[in-house]
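Given these sequences and hints, build the entire structure.
Protein chains in written order, with our numbering: chain A, 1 to 432; chain B, 1 to 716.
Any given hint might turn out to be false.
[As the list claims (entries may be wrong)] FRET-style restraints, in silico, Cβ to Cβ:
1. B/Arg251 <-> A/Ile165: 56 to 62 Å
2. B/Val41 <-> A/Ala67: 44 to 50 Å
3. A/Asn145 <-> B/Asp25: 48 to 54 Å
[Said to hold, decoys possible] Just a sample of chain B residues kept apart from chain A, beta carbon distances all over 10 Å, derived:
4. Ile29
5. Ala64
6. Ala91
7. Val190
8. Arg228
9. Val495
10. Glu587
FYI, nobody ran anything at the bench for these hints, they're computed from the structure.
Heads up, the beta-carbon is just placed ideally off N, CA and C, and yes, glycines get one too.
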Amino acid sequence: MTQQDTDLAIIAGFRTPFCKASGAMQGAAAADLAAHVFREVLDRTGFDPAQIDEVLLGCAGPDAREANVARVAALRAGVPASVPALTVMRNCASGMEAVLQAQTRMRAGEGEVFLVGGAESMSNFPLLMGPRLVKFFTNLGKSKNAIQRMRAMLQFRPSALKPRIAVMEGLTDPITGLMMGNTAENVARLFGINRDSMDAFALQSHQRAAAAQQKNRFASEIVPFTPPPRFQAMLCTDDGVRQQQTMQALTQLRPVFDRNNGDVTVGNSCQITDGAAAMLVTTVRRAKSLGLKPLAVLRGAASKGLDPAYMGLGPVHATPRALQTAGIEFKDLDLFEINEAFAAQVLGCMRAFSSDSYCRDQLGLSSALGEIDPSKLNVNGGAIALGHPIAASGARLLITLAQELRQQNKRYGLAALCIGGGQGQAMILEAA
Amino acid sequence: MNATTTHEPKNPVPTTAPLVPCTIDANGIATVRLGRADESVVTFTRERLLALGEVLSSLRQNRALRGVIIAGSAPGMFCAGADINLIHSIASVEEGTAAANTGREVFQLCQQLPVPVVAAIEGPCVGGGCELALFCDLRVASDHPATQIGLPETKLGIVPGFGGTQNMARLIGLPNALDMILAGKLLKPVPAKKKGLVDRVVPSDKLLSTALAELQKLIQQGKKAPKRKLRGAAFWFSKTPLRAIAARAARKALSDGPAKFYPAPRLALELCLQAFTQPVAQGFAAEARALGEMIASPVSKALTHLFFLTERSKRLGKQPGAADLSRGLIVGGGVMGAGIASLLAQKGLRVRLCDLNGEALAKAKARLQDDLTKRLKRRHMERHEAQAVQDRLAVSSDWGSLVGVDLFLEAVVEDLAVKRKLMSEAVARGLPADAIIATNTSSLPVFAMAETVPNPERVVGIHFFNPPEKMPLIEVIRGKHTSDAAVATACRLAVRLGKFPIVVQDTPGFLVNRCLAPYLNEASRLLLEGNEPEFIDRVMLDFGMPMGPCRLLDEVGFDVATKVSEVMSKAFASRMQPTPLFAAMVEKKALGKKSGGGIYAVRGNRPGPGVQVIERLRKERGMPTRQASRSEVLQRLIYPMIDEAYRCLDEKIVAAEQDLDLGLVMGIGFPPFLGGVTGFAQREGLKTIVLALDELARKTDPRFQPSDGLRRRSLA
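Dropping the structure here:
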């Protein structure tokens, strides 16, 4: 199958540096980050924002003051008020979902130019009032006279002050009650993945990211950012990458999710990070008529659900459908970007891709999809080193993959994420 | 147009002059308009005051009258106060006093009417307009963006003369009144309401209905005016002997620095005090007398002259062919580039500031944020507005695309080759053909930059002064190739930024730096002759300069001074030879404030490292000590500056004397109360100046030789 006029072409894509939560970018809300990358995409392409049909931004935890963070960021970036904006949410794939939504609209004839991306400020995930505190304030508010007020006040217990931590609750699956790390333990057990291979994978992620930083590989995708509220620093690099990471340091870490019998540690899990990424996407037809040279073209995409207890294997479930829509075979893929939520989960995916029984029983295929050559997977490191600002990651994978296809002069690449709640999303890019 | 309609045929129709239309409705509510609907600016001329007097007098005869609303001419215009031409034309104390009494007596008719009078304020309500509103029984203001209320008279060297000091002090209390009147502060509606200056603030389209509702409330209550009382601090510092404390603090602030050259605020202070110590009539009489004295004074004449100059400069922003710029690319993230970019962002342009030094860029954002934070704290701005300003300023080492950029401005090092390269690069990278290409050069020829650019007619100099956020002047430099449209667009931008543009020709130093060069050069000579820097600076401060020349050198920095003086000495060798001091200061790294001290230490009046540099230089060269007298210092510093200014006029660097006056007042801080450089020269006598310069030239050095043009003028 060849490229269609209505296929989605990525014209340009940039991201902020990814910085550890409660760190350098703590003062920036998701809208600050998104507005910055949006503006940079517009300024660097020189594209007239009035020609944009819609702005689509993924965000898993927008601030209460900017629930439709896409709209806030678009206006702040200088997109005219007449251009609509929508915030999309599919947990970890929200940034990729924005691209998928753009593709769907293009195919339906609902617009040809979209400003898309994902932004997350995990620093600013709120502490919520617990239900007892909420009840206390409600009762106090309802009191009509001094006696009732006094009675309501007397109901107060200090223990009610215990907050709900949004970031922790967001990382817990409400259906199974498992934290994300526990689902990774499940995947590890399913395929017998041991602690050493997880740590080795994590080390490799740091080493690859450090090497990429050294050869300035990210210069083509990072737009430096001066963070509010004081704007005193110019942030240019991802600060989670550990140049000096050693195996020994990784092995000393204690498991966090299953403290007694687990293998998943903070060292072999993704980092909690702030960041945003954005792309200007158009139809292939519009790119041609405007004389724009795309970075890459989206050839296939799919979302798929699976058992939430094994959510880490989501990419494996979404990929067959993505390949089918692209009209290519697994062996045609030259590069892979699979989001590193957990080392255990990426390793699990590699096993599942090459497992006849898994592909047959779980996916209904006749045989295994194929082997992933580790030298083609996450060649510049992944979320374990760079961090995983939830909604920004999907967009980052696509930008990184598009740039890498171009630099290595390769044709097809797969970007995929596992999604909390038991889903996977995958996209296939073809170098333009 | 029939301005008068009445539904009560039995009652006499008020005779209205078309200048002040008045209508009366069936309920006996009169609406007095201060101007015709087609007047976009309303001022109190003699005729309009008389017309208002007639309208109010005739309303007094009207038995059916139940209330009066006084409103402006059109949406967004109440009254901009007394006509400045009128103020400027009054030459004697008696004439001024009489004019004040006449005007106030007209306004007092509002009080004498038996019915309530409500002012419906939208747009400027300043000076005389504000004083009329203060005589009304109640004030309703609209939240229209043009609405401003206050008494700015002291800025013109006069005091409010139509009862303003008395009424405002009584209405809002002594401390508030002093705060407003002494500085000539104008308030937006919401702060005005907070101070008690207006009673209600409403949306624009509800102004008249609210005014009517308030009027009817008063009518129903059978009251002429609501009861008013000062409360809290306003009460204690006005109505009790504690007011002496407020007065003392204000007096102290007016006795220091340049304030001592301006008598009007001091008089206004005493008048405000009288509002609480003397009967009303006496206060009014004293106020009229004070206005008479001030209006005839040379300071007031100088300040009104300056006002006309600023109005003239603002008109440069409205020339035909001027484009409105919306998107700027500023290259060069130093103090100037960062300041200019911040200013553009604050005034609504989308700006990209580019520099290879990321630290400088972050500093630019941080400095802007400091400024915004200050304004947030003072509540001059809301959080979302500050955020929008920051959002408009992008900083990057990457220029991005130049598509859609309509202003390319460079503020990089003063190096012709670098500037040329940047401009060519901008064009090569797709800068639209109709974009303005601007340079902030202070010493390089604009035409030489334009030569490498296709369509060189759009290359124009926009010379900001340091710091760009604060300095009010912009020199718009017309190069050999520069088109009228480019000059017009640059002027329009300057006005939009709240600056005063003057158009100058493309010669070394343009106007301001050229006139400044002999002044700073001469200061360095005086230093090398062994005169104390404090003494030199003191003479200039007493002359009325905002800062002495030695302090100014520290501020500018000796590195910059050296660079400028090289250019100037090359161009004007006979009279602008640099002294060895600049180079010596640079060599010893005593650059001034930026390097940790020059002639003075960074803070305070203590001597800096430069004093030793001067001493060593004097010893090495065996320079004799020559103590200059005060008058010699003044003559040597100021007279050559005057000569240079007239040379600029004769060489057509600027078009008119007005440009000299505005340029030197706004660019150098030449004392405003002296009426600009030409005003001062006329007063001092051109003959005296030429004689003194001849004498200096004969006795010391031919550099003082006055120009032929100045000599010719002195003989005329």
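Practice problem: Return the numbers of the hints above that this structure violates; sort them in rising order. | Solution: none
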